[in-house]
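Novice: What follows is each chain in one-letter form.
4 protein chains.
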Amino acid sequence: MTKEQMQQFFADEFPQAEFTIDELGHRCATIRKHIEFKHLRPGGTVSGPVMMELADAALYVTILNEIGLVALAVTTNLNINFLNKPESEKDLIAECKLIKVGKALIIGDVYLYSEGKEDPVAHAVGTYSVPPKR
Amino acid sequence: MTKEQMQQFFADEFPQAEFTIDELGHRCATIRKHIEFKHLRPGGTVSGPVMMELADAALYVTILNEIGLVALAVTTNLNINFLNKPESEKDLIAECKLIKVGKALIIGDVYLYSEGKEDPVAHAVGTYSVPPKR
Amino acid sequence: MTKEQMQQFFADEFPQAEFTIDELGHRCATIRKHIEFKHLRPGGTVSGPVMMELADAALYVTILNEIGLVALAVTTNLNINFLNKPESEKDLIAECKLIKVGKALIIGDVYLYSEGKEDPVAHAVGTYSVPPKR
Amino acid sequence: MTKEQMQQFFADEFPQAEFTIDELGHRCATIRKHIEFKHLRPGGTVSGPVMMELADAALYVTILNEIGLVALAVTTNLNINFLNKPESEKDLIAECKLIKVGKALIIGDVYLYSEGKEDPVAHAVGTYSVPPKR
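Chains as they are written, first to last, in the working numbering: chain A, 9 to 142; chain B, 9 to 142; chain C, 9 to 142; chain D, 9 to 142.
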């Protein structure tokens, strides 16, 4: 699958998903979100739920790239630590890699960055339940 | 603080926060969100990020009710398990209670329900970092 | 199943499991561990891994009571927050209740207490993977 | 600090801590535990609590290497995912790296391996509360 095909899948199926796919690799992917005023909270930082949403989306993209475009993959657990204050005027970037691809569960690790910054703004680990036969 | 005052605080400071406060109690609170089409994902269920956002908001409301309307409380960790498929046509309700009120960290537990259903749709535990002197 | 039968199962299968079952109920259980010198860390408090072990054991007991004495239930995720310093001279008590009993995953919530104290010393949420046909 | 000094600190202060320090680096460390019969559970696999204990110890070693040998660092949160069945006859190895070194909280990421195997057996993320002035 190319990243254009994956991007098209999200445009068709999840039109409200506002992110761009930068890279799709073997059990890894990088996506980005343009930060706008509506994503900020007082103090000029990106809101926590925007970061959670992007982390979850990065997991979903990476998992679909592994198992194919099945709609049935669902998040069962997400654990997120907020590490540093994100920049309000930079894109938010999520780098995901899968750490376990099992028959029923797939687990991945996501680092979130403000573009151009070295220290991550958040780190998440998420589990998806996937259809058993694929 | 009354729930009307708390609701007004969110209307002023977080106009994009779309929830209503049902109850404010001692170290507990219940809030609700009206589910609209934009909150759904394919299959007619509420999207995970909408649930994460409401769980985080329930923690924030309950913590502000405990420590006063300081803007400096920030989420440091959120762990969420998705338990059952939410209903697309019911309000989503979040019941939070605090399980630790420390000097620097406050931890709370949140159950999310589709209105009128007994089984929770999700369960979250979150930690906020709060200003040390208050 | 009676708690004596469950206790016997652990004595036979997990002889190193050092806890006593106080109560077995519908999707809930309470177990306790006698704290000895070997369970302490400097400062006279119970070590974190002892608490993690008891939380995991409480989940296992509660889940086996639900699904029968199958050996195949395994922990897939455990999230624990340490809340208050446990007492070195009190039994450690774990109260577990199941919050989701699914076909493949069972999730439970555990509060740990030093006996006789009202505030919990830790709170855990754990997920077990269970055999699909039972 | 050398790894011999760190090892000596654990021998003095935590004599029950049964692990060896393989490497100490900048914000990272690798430790190992020799697996014995008492660490196994039925089916010939390493018990979950043994893995949780080693993950927590790896975090503690890495954090002490960063902040000095202060006894006051305590775990506040640990989230662990069990990924693959560990080998009963191999050492268990924990590789930790710190992902956030803050004034009050330090967060690290730990992968656990059975020696010689490529796929991790578990992955943990843990938070320690550390003394504010150091």
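For the record, the hints were derived by calculation from the structure and aren't laboratory data.
Some hints could be false.
Note that the list lumps identical chains together, so a pair holds whenever it fits in one copy or between two copies.
[As the list claims (entries may be wrong)] Quick list of in silico lysine-lysine cross-link-like pairs, DSS-like style, CA-CA up to 25 Å:
| # | residue 1 | residue 2 |
| --- | --- | --- |
| 1 | Lys93 | Lys105 |
| 2 | Lys125 | Lys105 |
| 3 | Lys93 | Lys111 |
| 4 | Lys125 | Lys111 |
| 5 | Lys46 | Lys105 |
| 6 | Lys111 | Lys46 |
| 7 | Lys11 | Lys93 |
Novice: Each of the hints needs a verdict: does it hold here or not?
Specialist: Cross-check of the supplied hints:
no.: 1; hint: Lys93 <-> Lys105; in the structure: both (23 Å within a copy, 20 Å between copies)
no.: 2; hint: Lys125 <-> Lys105; in the structure: both (19 Å within a copy, 19 Å between copies)
no.: 3; hint: Lys93 <-> Lys111; in the structure: between (37 Å within a copy, 14 Å between copies)
no.: 4; hint: Lys125 <-> Lys111; in the structure: between (36 Å within a copy, 20 Å between copies)
no.: 5; hint: Lys46 <-> Lys105; in the structure: neither (28 Å within a copy, 28 Å between copies)
no.: 6; hint: Lys111 <-> Lys46; in the structure: neither (39 Å within a copy, 30 Å between copies)
no.: 7; hint: Lys11 <-> Lys93; in the structure: neither (29 Å within a copy, 30 Å between copies)
When each numbered hint is compared with the structure, violations occur for hints 5, 6, 7.
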